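Enquirer: Turn these sequences into a full structure, and let the hints guide you.
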Amino acid sequence: MLATEKESQETESNDLNSNDSKTLVVGHGVRLEGKIDGAMVSDIAGNYNGKIKSDSVNVSQTGIFIGDITGSNINISGKVEGTINSDEQLNINQSADIKGTIEYTSLKVSYGAKVQGRIQHKGVVHNFNNSEEDAPNINNEDNI
Amino acid sequence: MSIFGNKEKEENQPEEKFNFQLGSKDIVNQSTLAKDVQIHGSIEAKDYINFDGSITGTIKSKTVNLGRTSYVKGTVTADQITIEGEVDGDIQGKDVYIKSSAKIKGTIRYSNIDIQDGSIINADLSYS
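Protein sequence lines correspond, in order, to chains A and B.
First residue of the first sequence: 22, per the numbering used here; consecutive thereafter.
First residue of the second sequence: -1, per the numbering used here; consecutive thereafter.
Since the hints were derived computationally from the structure, they do not count as laboratory data.
There's no promise every hint is true.
[Unchecked claim] Distance condition first, Cα-Cα at most 20 Å in a straight line; then the derived DMTMM-like pairs of lysine to aspartate or glutamate:
no., chain 1, residue 1, chain 2, residue 2
1, B, Lys92, A, Asp118
2, A, Lys135, B, Asp77
3, B, Lys44, B, Asp34
4, A, Lys135, B, Asp93
5, B, Lys71, B, Asp88
6, A, Lys100, B, Asp112
7, A, Lys135, B, Asp112
8, B, Lys92, B, Glu42
9, B, Lys97, A, Glu109
10, B, Lys103, A, Glu124
11, A, Lys135, B, Asp115
12, B, Lys97, A, Glu124
13, A, Lys43, A, Glu54
14, B, Lys71, B, Asp50
15, A, Lys100, A, Asp118
[What the hints assert, rightly or not] Now the in silico label distances, taken between C-beta atoms and shown as ranges:
no., chain 1, residue 1, chain 2, residue 2, range
16, B, Asp45, A, Ser93, 35 to 45 Å
17, B, Lys92, A, Gly59, 16 to 26 Å
18, B, Gln36, A, Glu54, 54 to 64 Å
19, A, Glu109, B, Asp122, 15 to 25 Å
20, A, Tyr132, B, Asn120, 15 to 25 Å
21, A, Lys74, B, Asp34, 20 to 30 Å
22, B, Ser124, A, Thr126, 18 to 28 Å
23, B, Ser99, A, Gly71, 15 to 25 Å
[What the hints assert, rightly or not] Computed far set for chain A versus chain B, every beta-carbon distance over 10 Å:
no., residue
24, Lys43
25, Ala66
26, Ala134
Just so we're clear, the structure is a prediction, and the values are computed from it rather than from any experiment.
From the three backbone atoms N, C-alpha and C, an ideal C-beta is built for every residue, glycine too.
Expert: What follows is the structure in structure tokens.
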């Protein structure tokens, strides 16, 4: 069952490649250094040292990333050291090991993941007024 | 004050949502502090604290559940901590569950952590 799942994923990514859909894959065992920008989907299964800016970033279980990740949807299952900046959804899976700074909009961390460093929510100013939902129902009088 | 009294909680009236975490028979003493309770100081219990009020100070127990209306300014220490409300301060637990309604500022020290979508966290995390 797992195998078929993998196969379907592979064929899917092959399709993406053939369609010139701005997919980047750093395969398991591959070492890469540098700066990547403009990719839609980036899969990191090898070692990458540098910066990446991509719509979607996946660091898989074998992936080791050192540097800065910027993206909308980011999934981490491997090791990351540096900064992660997500505009939409950031998923940190059970096998993940992260050290550094995280800026997020929506964050899910699975039980078992290791996260060390600063986590910061984007946008909303954190306010501790502790006021209850004090906006009463304002029923506008219609048809005066 | 009666609010501090430990209620003998029978097994036949469990809190549904925490069933899966509680080793049922281990939990004999459960203290519940309601929404309108305000505390300046510290709370300590051996087993289980269900806290919905607001506190400036510390909470310490084996299991601490901070409900949606809860507000803690200070320190929370427990083996298992579930947070649905607001915490401004230090959280220290073996198992820390942060629910979608939670707002957290400060530091979190944990062995295992689980964070749900929607929670607002501005904190320094470290694990041991």
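Enquirer: So, for every hint listed, does it hold in this structure?
Expert: Hints versus structure:
no. : hint                              : verdict
1   : Lys92/B <-> Asp118/A              : holds, 17 Å
2   : Lys135/A <-> Asp77/B              : holds, 17 Å
3   : Lys44/B <-> Asp34/B               : violated, 23 Å
4   : Lys135/A <-> Asp93/B              : holds, 12 Å
5   : Lys71/B <-> Asp88/B               : holds, 9 Å
6   : Lys100/A <-> Asp112/B             : holds, 18 Å
7   : Lys135/A <-> Asp112/B             : holds, 10 Å
8   : Lys92/B <-> Glu42/B               : holds, 17 Å
9   : Lys97/B <-> Glu109/A              : holds, 18 Å
10  : Lys103/B <-> Glu124/A             : holds, 14 Å
11  : Lys135/A <-> Asp115/B             : holds, 17 Å
12  : Lys97/B <-> Glu124/A              : holds, 18 Å
13  : Lys43/A <-> Glu54/A               : holds, 19 Å
14  : Lys71/B <-> Asp50/B               : holds, 13 Å
15  : Lys100/A <-> Asp118/A             : holds, 5 Å
16  : Asp45/B <-> Ser93/A: 35 to 45 Å   : holds, 44 Å
17  : Lys92/B <-> Gly59/A: 16 to 26 Å   : violated, 43 Å
18  : Gln36/B <-> Glu54/A: 54 to 64 Å   : holds, 56 Å
19  : Glu109/A <-> Asp122/B: 15 to 25 Å : holds, 24 Å
20  : Tyr132/A <-> Asn120/B: 15 to 25 Å : holds, 21 Å
21  : Lys74/A <-> Asp34/B: 20 to 30 Å   : violated, 49 Å
22  : Ser124/B <-> Thr126/A: 18 to 28 Å : holds, 23 Å
23  : Ser99/B <-> Gly71/A: 15 to 25 Å   : violated, 38 Å
24  : Lys43                             : holds, 27 Å
25  : Ala66                             : holds, 25 Å
26  : Ala134                            : violated, 7 Å
Checked against the numbered hints above, the structure breaks hints 3, 17, 21, 23 and 26 and satisfies the rest.
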